[in-house]
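S.K.: Sequence:
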Amino acid sequence: MSSFQRSIFLIPIIFLFLGAGCLPTKQTGRDGGIFKSTDQGKTWNQSALFPSIKGVGNLGGADIETMIMDPSDNLVFYIGTKEDGLFYSYDGANSWQRPRDTNLTSGFIPSVAVDTKNVCTVYVLKNQYVYKTIDCGRSFERIYDEVRSKVVPTKIAVDWYNPSHVYLGLSNGDVLKSTNEGRAWTQILTAKKEIVEIIISHADSRKVLIGTKSEGFFVSLDAGQTWKSLEQDLEPFKNADMVYDVSQNMTGSVMVAATGFGLLRSQDQGQSWEQIKLVTSPGQVIIRSVAIDPKNEKILYYVSGSTFYKTIDAGITWDTRKLPSTRSVSSMIIDTKDSSMIYLGMKLFEEQKKGL
Numbered sequence: 001m002s003s004f005q006r007s008i009f010l011i012p013i014i015f016l017f018l019g020a021g022c023l024p025t026k027q028t029g030r031d032g033g034i035f036k037s038t039d040q041g042k043t044w045n046q047s048a049l050f051p052s053i054k055g056v057g058n059l060g061g062a063d064i065e066t067m068i069m070d071p072s073d074n075l076v077f078y079i080g081t082k083e084d085g086l087f088y089s090y091d092g093a094n095s096w097q098r099p100r101d102t103n104l105t106s107g108f109i110p111s112v113a114v115d116t117k118n119v120c121t122v123y124v125l126k127n128q129y130v131y132k133t134i135d136c137g138r139s140f141e142r143i144y145d146e147v148r149s150k151v152v153p154t155k156i157a158v159d160w161y162n163p164s165h166v167y168l169g170l171s172n173g174d175v176l177k178s179t180n181e182g183r184a185w186t187q188i189l190t191a192k193k194e195i196v197e198i199i200i201s202h203a204d205s206r207k208v209l210i211g212t213k214s215e216g217f218f219v220s221l222d223a224g225q226t227w228k229s230l231e232q233d234l235e236p237f238k239n240a241d242m243v244y245d246v247s248q249n250m251t252g253s254v255m256v257a258a259t260g261f262g263l264l265r266s267q268d269q270g271q272s273w274e275q276i277k278l279v280t281s282p283g284q285v286i287i288r289s290v291a292i293d294p295k296n297e298k299i300l301y302y303v304s305g306s307t308f309y310k311t312i313d314a315g316i317t318w319d320t321r322k323l324p325s326t327r328s329v330s331s332m333i334i335d336t337k338d339s340s341m342i343y344l345g346m347k348l349f350e351e352q353k354k355g356l
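Using this note's numbering, the first residue of the sequence shown is number 1, and each one after it goes up by one.
Misleading hints may appear alongside valid ones.
Here are the in silico distance ranges between beta carbons for each label pair [stated by the list, open to error]:
| hint | residue 1 | residue 2 | range |
| --- | --- | --- | --- |
| 1 | THR179 | LYS298 | 34 to 40 Å |
| 2 | THR336 | SER214 | 30 to 36 Å |
| 3 | THR186 | PRO236 | 33 to 39 Å |
| 4 | THR336 | ASP135 | 21 to 27 Å |
Straight-line C-alpha distance at most 25 Å; calculated DSS-like pairs for lysine-lysine [to be verified]:
| hint | residue 1 | residue 2 |
| --- | --- | --- |
| 5 | LYS277 | LYS298 |
| 6 | LYS192 | LYS117 |
| 7 | LYS42 | LYS54 |
| 8 | LYS337 | LYS295 |
| 9 | LYS213 | LYS228 |
| 10 | LYS207 | LYS193 |
| 11 | LYS177 | LYS213 |
| 12 | LYS42 | LYS337 |
| 13 | LYS238 | LYS42 |
| 14 | LYS42 | LYS213 |
Calculated directly from the structure, the hints in this document are not laboratory data. For every residue, glycine included, the Cβ atom is placed at its ideal position computed from N, Cα and C.
Model the full structure from these sequences, guided by the hints.
M.R.: Following this line, the structure appears as structure tokens:
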């Protein structure tokens, strides 16, 4: 089903469930939400409007926790916010909609994943639950309930080759896997720290990279049957065990990770890593988001604070520009079909709040 067909399907019911035009959260400023560039980051425009029963709503006050592009349709986006629930777009992030299910119109949404072959199937994390829709968001069901106290799902990913295989990361370091689209789960990894990234290699979906909050990476070459910890391999890079973000190119031949050390590059699906030279010294700034041009691994982007960095020579030289927001970036996506299109999810982090 195309983004156009999904839009037509949902238009008659949009105004029945979208809620108020203003989001209930009390954020500093209106420079949050999503920013979009059509010229590789030279200029930016905010994309924050959504229809509501009270008129046009605005995402500008929202902090974005996660943003994904539908792997089958570059016009379809899903975003999870810190306090304002789930939003989605069917027009290339030009406008946004909210789901009908009121369970997902507020609260913290840390991760979203889309089935690569059944595009109306989407997985959403909230609190201790995993929600799933198979009808493009018309309805959701809870397919996982974490019963342990103070343990919540933090990251979810769908195997692009076999989408019945779903990986789920938890705040206590556990990684679970389902081989039947979320109906049953098996624990496949026990780490000690929160799972912040699950990367399934574009080259081979059996190669899975897990990023943790402060325990580095775990890598599996056999779809999660066995794992290797890379914590010792990262020791030459101080604080690289703090993983913030990971990006890979279209072929999976190159991965780049944003860590507490800075940027690291892997050319073997995460099994080994090397330093990428930056303008700043290692550990001098916090880099929470990084992206590789899908078709040219020499072109990299990252954000620190409100500064946007770009290299066209794999990190030998960097160009910098100030973003039109006081917030930093939690998520960055480059369009897989048109790499001049870049999308940023904005968030006000704690270190920025202290500086206000």
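S.K.: Checking against the hints above, which ones are violated?
M.R.: The structure conflicts with hints 6, 7, 13, 14, although it agrees with all the remaining ones.
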